Amino acid sequence: MQRSDPILGSLLRAEVWCEQRNRGEAAVSAVLHEMHRIDRAVSPYLPGGALGTTRREASWRPAALAPELTQLIETAMQWAHHCQTAFGPQAADRSSPQAGLQLDLRARARAHAVDRSIALLCVRSVVRAGVVSGTAQSVIGQGRENNPLALEMPACPGIWNWSCHAGRW
Amino acid sequence: MSHADGLFSAAVLGSSALAGEALSRGLLHLGVQRGLDLLRRWPELQALMVNATGTVYANPGLAFSRSAGSRLGQRLSANALQRQSGKSSINQAGTKR
Chain A
252 MQRSDPILGS
262 LLRAEVWCEQ
272 RNRGEAAVSA
282 VLHEMHRIDR
292 AVSPYLPGGA
302 LGTTRREASW
312 RPAALAPELT
322 QLIETAMQWA
332 HHCQTAFGPQ
342 AADRSSPQAG
352 LQLDLRARAR
362 AHAVDRSIAL
372 LCVRSVVRAG
382 VVSGTAQSVI
392 GQGRENNPLA
402 LEMPACPGIW
412 NWSCHAGRW
Chain B
3 MSHADGLFSA
13 AVLGSSALAG
23 EALSRGLLHL
33 GVQRGLDLLR
43 RWPELQALMV
53 NATGTVYANP
63 GLAFSRSAGS
73 RLGQRLSANA
83 LQRQSGKSSI
93 NQAGTKR
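Quick note, the sequences are listed as chains A and B, same order. Numbered as in our numbering, the first sequence ends at 420 without a single skipped number. Numbered as in our numbering, the second sequence ends at 99 without a single skipped number.
Just chain A, with the same shape it has in the complex:
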């Protein structure tokens, strides 16, 4: 089963291999449902979205962020600190030593959505699947012989998860 959908400013593709068609379709639908939920939460443009609402209201009164969004922003800021890069357009001050690169939340959200999707598939005992959103990709399954990457991931056997920027694999 394979489905694609424009989500989070990119094209999401979810593929699941199941012997039972209904089970596979349900798993793919669950992935898309989760992706759309995260899209609504982090998009500043969608009406009613958590981030959009916060951006509108936070200029004149305190606004509460949902725990998931708070965690996502904190994680993005931690990685920006580690990589000495800027977080968000509001931090893109050219005089700042951290102005080398702008990190947008939706890129982090796409990767977060991939993580969430894989977790959902694992709960459903899916053993062969792939989820791609933007540059974040995750695969559940067994490696094939003559795989040019020949990767070994002892920390998470059976799951490969990678992100690639500015290149083509």
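For the record, the hints were derived by calculation from the structure and aren't laboratory data. Remember, predicted model here, so these are calculated numbers, not experimental data. Think of the CB as a built atom: it goes at the ideal place given N, C-alpha and C, for glycine as much as any other residue. One thing to keep in mind: the hints can contain errors.
[Claimed, not checked] A few chain B residues that face chain A, going by a derived Cβ cut-off under 8 Å, partial list only: (1) G8; (2) A19; (3) E23; (4) A24.
[Stated by the list, open to error] To spell it out: a stretch of chain A is covered by chain B in this simulated footprint if at least three of its residues, at any positions, have a beta carbon under 8 Å from a beta carbon of chain B; those stretches are: (5) 262–274; (6) 303–309.
Dock chain B against chain A, hints included.
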């Protein structure tokens, strides 16, 4: 878009897409040596960086065959630059092989 040290591709493998997405983008910003230094903090993460000549850099955690790395580097270079690729090599922890 130009990146540090002429890198045109960075890939990070790990148990979290979020960490991989953020770090792969960061590696392009930091360049090879600073990127490899940063990667030492997370030995469970595995990374590849490829520069414009097709040279592949990888941290020690990546189980990666040299011949496969050479082929991959050449293919990436050819794909991205659409011109003749240079000699490729696997680079572990910044030591050119």
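Do the hints match the structure? See the list:
1. G8: 12 Å, violated
2. A19: Cβ of A19(B) sits 4 Å from chain A, so the hint holds.
3. E23: Holds - the Cβ of E23(B) comes within 8 Å of chain A, reaching about 4 Å at its closest.
4. A24: 3 Å, holds
5. 262–274: violated (count 0)
6. 303–309: violated (count 0)
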